[in-house]
Amino acid sequence: MGRVLGKDFFVRRPDLVAKELLGKVLVRKIADDVLKGMIVETEAYYGPEDPASRARRGKLPHNRFMWEEPGTIFIYMVHGNWLLNVITEPKGVPSAVLIRAVKPLQGIQRMLRNRKVSDVRNVANGPGKLSKAFMITKDLNGLKVYDPEGPVTIVDEGFSGFKVGRNYRIGVKEDLDVPLRFYIVDEIEYVSKPPVRKASKLD
DNA sequence: AGGAAGATCTACT
DNA sequence: GTAGATCTTCCTA
Numbered sequence: 002m003g004r005v006l007g008k009d010f011f012v013r014r015p016d017l018v019a020k021e022l023l024g025k026v027l028v029r030k031i032a033d034d035v036l037k038g039m040i041v042e043t044e045a046y047y048g049p050e051d052p053a054s055r056a057r058r059g060k061l062p063h064n065r066f067m068w069e070e071p072g073t074i075f076i077y078m079v080h081g082n083w084l085l086n087v088i089t090e091p092k093g094v095p096s097a098v099l100i101r102a103v104k105p106l107q108g109i110q111r112m113l114r115n116r117k118v119s120d121v122r123n124v125a126n127g128p129g130k131l132s133k134a135f136m137i138t139k140d141l142n143g144l145k146v147y148d149p150e151g152p153v154t155i156v157d158e159g160f161s162g163f164k165v166g167r168n169y170r171i172g173v174k175e176d177l178d179v180p181l182r183f184y185i186v187d188e189i190e191y192v193s194k195p196p197v198r199k200a201s202k203l204d
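One point on numbering: in my numbering, the residue at position 94 of the first sequence is 95, and numbering is uninterrupted.
Heads up, a few of these hints could be off.
[Said to hold, decoys possible] Here are the computed lysine to aspartate or glutamate pairs in the EDC-like style, where the Cα-Cα straight-line distance is at most 20 Å:
no., residue 1, residue 2
1, K30, E175
2, K164, E175
3, K117, D178
4, K194, D148
5, K30, D176
6, K164, E190
7, K145, E21
8, K92, E50
9, K164, D187
10, K194, D176
11, K133, E69
12, K20, E190
13, K92, D120
14, K139, E150
15, K145, D157
16, K20, D9
17, K145, E70
18, K145, E50
19, K8, D157
20, K133, D176
21, K8, E158
22, K164, E21
Since the hints were derived computationally from the structure, they do not count as laboratory data. Please read all numbers here as calculations on a predicted model, not as lab measurements.
Can you build the whole structure from these sequences, using the hints too?
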């Protein structure tokens, strides 16, 4: 039923990991229930040199997980939403990938109930929505996604061959000069909608 | 204490 | 499609 991604997968630059996480399956175990969704949108974040990074102001109590080993779960709150990140690069090098959207595959009824919506395309198409649908909160901070027994894992179920879109990160005040947001073009229905952008040729 | 923050929802034009 | 309120935590003063 697919292989749980190991620690090695995450010991690389966040942009590479972000791109390769597309098509992998996010698995959330709750008691005797399992929720699954294919990752369709991600963003990469670096360390202090990245103005949009949580590590921007150096190591602090709440962002210390950024310096943890690759494959560590890092969750924080923005505007009342929990956002799920996975740490990349070797321990001590702060960087992470934000998982922004998944296409629900299993446990869909439960997700819809968690989110109080009826459209499956609107249940996990955004980082805050995804966390709510998958019941992900701060409690999971510091756990390892490569632990097959853990409540959150990422599995390779063989999805591949899709077209990858790329552009600038959403919602950040100040971005880098490189596009660090990745998404699956064929699954655009399940990808978050970028806020209205001003005249720009990018897309 | 005050406000910002990697967002979302609702109620409008 | 757009504007505004509101979600919760942590940083900064």
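Now for the hints, and whether the structure bears them out:
1. K30 - E175: violated, 36 Å
2. K164 - E175: violated, 27 Å
3. K117 - D178: violated, 38 Å
4. K194 - D148: Not OK: K194 and D148 at ~32 Å, beyond 20 Å, violated.
5. K30 - D176: violated, 34 Å
6. K164 - E190: Between K164 and E190 the Cα gap is close to 14 Å, so the pair holds against 20 Å.
7. K145 - E21: holds, 18 Å
8. K92 - E50: Measuring from Cα to Cα gives roughly 17 Å; hence the hint holds.
9. K164 - D187: holds, 7 Å
10. K194 - D176: holds, 18 Å
11. K133 - E69: Distance of about 25 Å is beyond 20 Å: violated.
12. K20 - E190: holds, 18 Å
13. K92 - D120: violated, 40 Å
14. K139 - E150: holds, 19 Å
15. K145 - D157: Distance of about 16 Å is within 20 Å: holds.
16. K20 - D9: Holds - the C-alpha atoms of D9 and K20 are around 15 Å apart, at most 20 Å.
17. K145 - E70: Holds: K145 and E70 sit about 9 Å apart, inside 20 Å.
18. K145 - E50: Answer violated: K145 to E50 is near 25 Å, above 20 Å.
19. K8 - D157: Cα-Cα ~13 Å, so holds.
20. K133 - D176: violated, 26 Å
21. K8 - E158: With Cα atoms ~17 Å apart, K8 and E158 stay inside 20 Å; holds.
22. K164 - E21: holds, 12 Å
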